[in-house]
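Q: Sequence:
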Amino acid sequence: MKATGIVRRIDDLGRVVVPKEIRRTLRIREGDPLEIFTDKEGEIILKKYSPMGELGTFAQQYVDAVAATLGKTVAICDRDQIIAAYGSLKKEILGLPLHKGLEEVIHNRTSICGKIGEKEFVPIVLGKEDLIKSELIQIIIAEGDAIGAILILDGENEEKMGEIEKKVAVIAANFLGHQMEL
Numbered sequence: 464m465k466a467t468g469i470v471r472r473i474d475d476l477g478r479v480v481v482p483k484e485i486r487r488t489l490r491i492r493e494g495d496p497l498e499i500f501t502d503k504e505g506e507i508i509l510k511k512y513s514p515m516g517e518l519g520t521f522a523q524q525y526v527d528a529v530a531a532t533l534g535k536t537v538a539i540c541d542r543d544q545i546i547a548a549y550g551s552l553k554k555e556i557l558g559l560p561l562h563k564g565l566e567e568v569i570h571n572r573t574s575i576c577g578k579i580g581e582k583e584f585v586p587i588v589l590g591k592e593d594l595i596k597s598e599l600i601q602i603i604i605a606e607g608d609a610i611g612a613i614l615i616l617d618g619e620n621e622e623k624m625g626e627i628e629k630k631v632a633v634i635a636a637n638f639l640g641h642q643m644e645l
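The sequence shown begins at 464 in the numbering used here and counts up one residue at a time.
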């Protein structure tokens, strides 16, 4: 664990303010859920909670199957990072933080089907803006909240995704959303 040198007091309602600098660095936004852990030494650890992260192995198996069928890179992201991926772009995107453009798309619940150079095209991950040539982004909704997205990506061809990819993405997003509600 890394010390920040910042000390905060607990108020009369038991609240502690997480400093703005830490929230910005860790990309914690107002309303984001935090998970609370304790250990034997009496430490309290706050961790950003990702409902999509609970899918873990299941999400990876799901993208493996979909990507093998479509022959494209398929990924699942929560609101912060790529949590599962399979295909030719897996090594370049898995575990990386999302680009602000994709964060906005998820927040605004906008589905996108585009290719590089088009107005609606958004970069997927930070620092790899020119990696993807065409994309399909379908938002995953669970209990009324946008919790992530299913991504179908192509790093070689600049052709827009077709109807089959669109239907697969909608099915995947609906299925994963329902899984999160169970």
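Think of the hints as simulated: they come from the structure by calculation, not from any bench.
Do not take every clue at face value.
Derived pair list, reagent style EDC-like, types lysine to aspartate or glutamate, alpha-carbon separation capped at 16 Å [said to hold, decoys possible]:
#: 1; residue 1: 483; residue 2: 495
#: 2; residue 1: 553; residue 2: 622
#: 3; residue 1: 563; residue 2: 593
#: 4; residue 1: 582; residue 2: 567
#: 5; residue 1: 465; residue 2: 475
#: 6; residue 1: 578; residue 2: 626
#: 7; residue 1: 596; residue 2: 555
#: 8; residue 1: 510; residue 2: 543
#: 9; residue 1: 511; residue 2: 498
#: 10; residue 1: 591; residue 2: 622
#: 11; residue 1: 582; residue 2: 555
#: 12; residue 1: 465; residue 2: 495
#: 13; residue 1: 578; residue 2: 506
#: 14; residue 1: 510; residue 2: 493
#: 15; residue 1: 465; residue 2: 506
Q: Run every hint past the structure and note whether it holds.
A: Here is how each hint holds up against the structure:
{"no.": "1", "hint": "483 - 495", "result": "14 Å, holds"}
{"no.": "2", "hint": "553 - 622", "result": "20 Å, violated"}
{"no.": "3", "hint": "563 - 593", "result": "15 Å, holds"}
{"no.": "4", "hint": "582 - 567", "result": "15 Å, holds"}
{"no.": "5", "hint": "465 - 475", "result": "27 Å, violated"}
{"no.": "6", "hint": "578 - 626", "result": "15 Å, holds"}
{"no.": "7", "hint": "596 - 555", "result": "14 Å, holds"}
{"no.": "8", "hint": "510 - 543", "result": "13 Å, holds"}
{"no.": "9", "hint": "511 - 498", "result": "6 Å, holds"}
{"no.": "10", "hint": "591 - 622", "result": "19 Å, violated"}
{"no.": "11", "hint": "582 - 555", "result": "24 Å, violated"}
{"no.": "12", "hint": "465 - 495", "result": "22 Å, violated"}
{"no.": "13", "hint": "578 - 506", "result": "48 Å, violated"}
{"no.": "14", "hint": "510 - 493", "result": "14 Å, holds"}
{"no.": "15", "hint": "465 - 506", "result": "13 Å, holds"}
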